[in-house]
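Trainee: Those protein sequences? They're chains A and B, same order as listed.
Each residue of the first sequence is one higher than the one before, counting from 55 in this note's numbering.
Each residue of the second sequence is one higher than the one before, counting from 55 in this note's numbering.
Calculated from the structure, these hints are not laboratory results.
Everything numeric in this text was worked out from a predicted model, so none of it was measured.
Just so it is clear, CB atoms sit at the ideal spot from N, CA and C, and this is done for glycine as well.
Mixed in with the good hints there might be a few duds.
Keeping only pairs whose Cα atoms sit at most 27 Å apart, straight-line, the calculated DSSO-like set for lysine-lysine is [said to hold, decoys possible]: (1) B:339 with B:169; (2) A:297 with A:61; (3) B:234 with A:339; (4) B:234 with A:250; (5) B:250 with A:314; (6) B:161 with A:169; (7) A:250 with B:314; (8) B:250 with A:250; (9) A:134 with B:169; (10) A:169 with B:134; (11) B:234 with A:268; (12) B:169 with A:169; (13) B:250 with A:234; (14) A:108 with A:134; (15) B:339 with A:161; (16) B:278 with A:278; (17) B:310 with B:297; (18) B:234 with A:161.
Some chain A residues flagged as far from chain B (calculated, every beta-carbon gap over 12 Å) [stated by the list, open to error]: (19) 96; (20) 178; (21) 187; (22) 271; (23) 312.
Spelled out, the chains give:
2 protein chains.
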Amino acid sequence: MQLLDGKSCSQQIRQEIAQRVAEIKATGSRVPHLAAVLVGNDGASETYVAFKVKDCQEVGFDSTLIRMDENISEQELLDKIGELNADDSIDGFIVQLPLPAHIDENKVILAIDPKKDVDGFCPENVGNLILGLPTYVSATPNGIMELLRRYQIETEGKHCVVLGRSNIVGTPMAILMSRKSNPGNATVTIAHSRTKNLAALCRSADILIVAIGKTEFVTADMVKDGAVVIDVGQTRVRDSSKKSGFRMVGDVDFDKVKDKCSYITYVTGGVGPMTRASLLQNTLKAHSRL
Amino acid sequence: MQLLDGKSCSQQIRQEIAQRVAEIKATGSRVPHLAAVLVGNDGASETYVAFKVKDCQEVGFDSTLIRMDENISEQELLDKIGELNADDSIDGFIVQLPLPAHIDENKVILAIDPKKDVDGFCPENVGNLILGLPTYVSATPNGIMELLRRYQIETEGKHCVVLGRSNIVGTPMAILMSRKSNPGNATVTIAHSRTKNLAALCRSADILIVAIGKTEFVTADMVKDGAVVIDVGQTRVRDSSKKSGFRMVGDVDFDKVKDKCSYITYVTGGVGPMTRASLLQNTLKAHSRL
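Isolated chain A, as found in the complex:
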């Protein structure tokens, strides 16, 4: 079993980006600039946004964190998005999800200029992905593809089972893996809560990508010997033995599953850092489009 080390892989990507930023600076040009909008004070969201700002600093991007009160109206948020769309000094921006219940997330996503939508959530960018046109691929699927690419995992003709059909992970992941590309060219099955004989289906997978948000759902009996297992799940579980008061648990029962795998990611240091690196890649892309 070899660990797919998203941490070191993402470090490598960050170094490559930092190198590119140095080149941009050397020409006297403006460096890439990412803005992040954070509504309210959700703990997990605070952490994610803080990471994104830190990542920008590390590679030499400019970054702006825009905090808004959790009681702002939908219109106030839409107005802010309008400002960011129009601000030529900002290459790309993200609105950290989830939003408070009184704000329509779809409305917010649709308001973002697709050219600045570095999360890749807008219909136009999702559609470009399907059509094989230049686009911002949403961060998690993009990060997983990058991980497979850098570890030179063979995907062509393999059976890839994607557990989960969400708009931002499962569905785009399935499409990317089925496309005529490398990584890609896999026979892909999209499985979900209504799938019958799920264990048998998972056992038929050469590559198993799990994104359902159910802790330790995938057990050893669901994994074929020699499979590649990618765990997207990241659930905070209370743990008083930890300083933070919680620990992260994946969708895969790592300890039991790992010895059956050729490659596997761990809940921390796996898909997470690759997702973070993808946002930087998309922001760099947004900058070079100018």
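Fit chain B to the supplied structure of chain A, relying on the hints for placement.
Mentor: Just chain B now, kept in the frame of chain A:
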């Protein structure tokens, strides 16, 4: 075995649309108006466009056929699209594909206003489909979903194998069948030219949707007893015994396969008429959005 009769099903849809047009007329409003752009004189394209115009007449839509010489420049076609985008009397329009080799199809598709893109080919509409937002679903997948719906084929939890991963049929079909909807909620496998053990995979399908453009590719040994088989293939094969000089051949070896199926479509009177009806449905939708 029961034939999925796209012809009678599409007739029913056309009647429903005609009824709706009569209601629109009764209010004194303008009826839906579809324009079709035909570049050059390709035989198949001529036929398809003629059908589309005829369908419009039958349900009471206005229609406009715009013929352009096969030697027009890309810019001339883009200018025409600009005109159609701006013309308030036209609800939706299509540009018949394929286009002559000197014209970039993607550029043309991207020039169409997504609100008038009744073929559902624009990135924004494809993305809306993935995101479950209101959209124009491209005609063939939409027609197949309608056929499954009207025949009340059970799809939830079934294994649906989609053979073919094209942008306009295979990929959107796979997504629609995997979505939380009815029809939908199927476990979907996307198979293609790089898929290994294709026959065995097809035999595992409760629902087999074939869109690869290879005549009679699916043989009896590839079909499970009781499967639902949808044949999207329509290839013209020379046949001097026919008045037209050709006959249509599907991707499925119908005569050999049919007795194994619970439901099956035939190459003519199956998916084709449903595709045509879908364009009318999308045009009506474009009209009601005004």
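Trainee: Holds or violated: is the Cβ of residue 187 of chain A farther than 12 Å from all Cβ atoms of chain B?
Mentor: The claim breaks: residue 187 of chain A does not keep its Cβ more than 12 Å from every Cβ of chain B (closest is about 6 Å).
Trainee: Is the Cα-Cα distance between residue 339 of chain B and residue 169 of chain B 27 Å or less?
Mentor: holds, 10 Å
Trainee: Holds or violated: are the alpha carbons of residue 310 of chain B and residue 297 of chain B at most 27 Å from each other?
Mentor: holds, 26 Å
Trainee: A cut-off of 12 Å on Cβ-Cβ distance, and residue 271 of chain A was said to be off the interface with chain B. Does that hold?
Mentor: With a cut-off of 12 Å, residue 271 of chain A remains clear of chain B, as the shortest Cβ separation is near 16 Å.
Trainee: Over 12 Å to the closest beta carbon of chain B is the bar; see if residue 178 of chain A clears it.
Mentor: With a cut-off of 12 Å, residue 178 of chain A comes too close to chain B, as the shortest Cβ separation is near 5 Å.
Trainee: Within 27 Å, alpha carbon to alpha carbon, are residue 234 of chain B and residue 339 of chain A?
Mentor: Distance ~33 Å between residue 234 of chain B and residue 339 of chain A Cα, so the pair is violated.
Trainee: Given the hint that residue 339 of chain B pairs with residue 161 of chain A, does the C-alpha gap stay at or below 27 Å?
Mentor: holds, 21 Å
Trainee: Check the hint pairing residue 169 of chain B with residue 169 of chain A against an upper bound of 27 Å on the C-alpha distance.
Mentor: holds, 19 Å
Trainee: Straight-line Cα separation of residue 250 of chain B and residue 234 of chain A no greater than 27 Å?
Mentor: holds, 15 Å
Trainee: Given the hint that residue 234 of chain B pairs with residue 268 of chain A, test it: the Cα-Cα distance must not exceed 27 Å.
Mentor: OK: residue 234 of chain B and residue 268 of chain A at ~18 Å, within 27 Å.
Trainee: Run the C-beta distances from residue 312 of chain A to all of chain B and say if the shortest one exceeds 12 Å.
Mentor: holds, 26 Å
Trainee: Tell me if the straight-line CA distance from residue 169 of chain A to residue 134 of chain B falls inside 27 Å.
Mentor: holds, 26 Å
In summary, the numbered hints that this structure violates are 3, 20 and 21.
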